[in-house]
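Undergrad: Be aware that the sequence shown starts at 3, since it is given in the numbering used here, and climbs by one per residue.
One or more of the hints may lead you astray.
[To be verified] What follows is a set of in silico ranges between Cβ atoms, one per label pair, in the way DEER data are often shown:
{"hint": "1", "residue 1": "Thr-54", "residue 2": "Pro-22", "range": "38 to 46 Å"}
{"hint": "2", "residue 1": "Thr-60", "residue 2": "Pro-22", "range": "42 to 50 Å"}
{"hint": "3", "residue 1": "Ser-5", "residue 2": "Leu-39", "range": "48 to 56 Å"}
{"hint": "4", "residue 1": "Glu-21", "residue 2": "Trp-74", "range": "21 to 29 Å"}
{"hint": "5", "residue 1": "His-12", "residue 2": "Ile-58", "range": "53 to 61 Å"}
{"hint": "6", "residue 1": "Arg-77", "residue 2": "Gly-37", "range": "21 to 29 Å"}
{"hint": "7", "residue 1": "Thr-43", "residue 2": "Leu-6", "range": "50 to 58 Å"}
{"hint": "8", "residue 1": "Leu-11", "residue 2": "Gln-78", "range": "50 to 58 Å"}
{"hint": "9", "residue 1": "Pro-4", "residue 2": "Val-63", "range": "24 to 32 Å"}
{"hint": "10", "residue 1": "Thr-43", "residue 2": "Leu-11", "range": "55 to 63 Å"}
{"hint": "11", "residue 1": "Val-57", "residue 2": "Val-32", "range": "42 to 50 Å"}
Treat the hints as calculated values from the structure; they're not laboratory data.
Using N, Cα and C, we set each Cβ at its ideal position, and we do this for glycine too.
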Amino acid sequence: MPSLIELVLHPDRRKPAPEPAPVSLGPAFVVGSVGWLVALTVMVLWPGVEVTSAVIATCFVGVLLGGLGLLWARRQR
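Sequences and hints are given; from them, build the entire structure.
TA: Written out as structure tokens, the structure is:
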């Protein structure tokens, strides 16, 4: 096994990097968007919770960005 110094000085002796594994980002964007939608619903419907416009805007932007991410992920296939 070559030493670390040898690998740093001679990068051509390293093993080639493996190919990246294919990953589907669509489910991650869906889960994130649903999470923000649930948070928005809970904040609006939960009795006794003071909801500011910043909370609603944050949840709405989370849902919106998740939707845009889902569109992007589908176009990248």
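Undergrad: Hint by hint, note whether the structure agrees.
TA: Each hint tested on the structure:
Between Thr-54 and Pro-22 the CB atoms are about 42 Å apart, so this pair conforms to the stated range of 38 to 46 Å. Thr-60 and Pro-22 have their C-beta atoms about 32 Å apart, which leaves the hinted 42 to 50 Å range violated. Between Ser-5 and Leu-39 the beta carbons are some 53 Å apart, a value that agrees with the proposed interval 48 to 56 Å. For the pair Glu-21 and Trp-74, the beta carbons lie near 22 Å from each other, so the given range of 21 to 29 Å is met.
The supplied range of 53 to 61 Å is met by His-12 and Ile-58, whose beta-carbon atoms lie about 58 Å from each other. Checked against the hint of 21 to 29 Å, the C-beta distance between Arg-77 and Gly-37 comes to roughly 23 Å, which is consistent with it. Distance hint check for Thr-43 and Leu-6: the Cβ-Cβ separation is about 53 Å, which falls inside the suggested range of 50 to 58 Å. About 38 Å separates the C-beta atoms of Leu-11 and Gln-78, a value inconsistent with the hinted range of 50 to 58 Å.
In this structure, Pro-4 and Val-63 break the distance hint of 24 to 32 Å, their C-beta atoms being roughly 50 Å apart. The given range of 55 to 63 Å is respected by Thr-43 and Leu-11, whose C-beta atoms sit roughly 59 Å from each other. The supplied range of 42 to 50 Å is broken by Val-57 and Val-32, whose beta-carbon atoms lie about 22 Å from each other.
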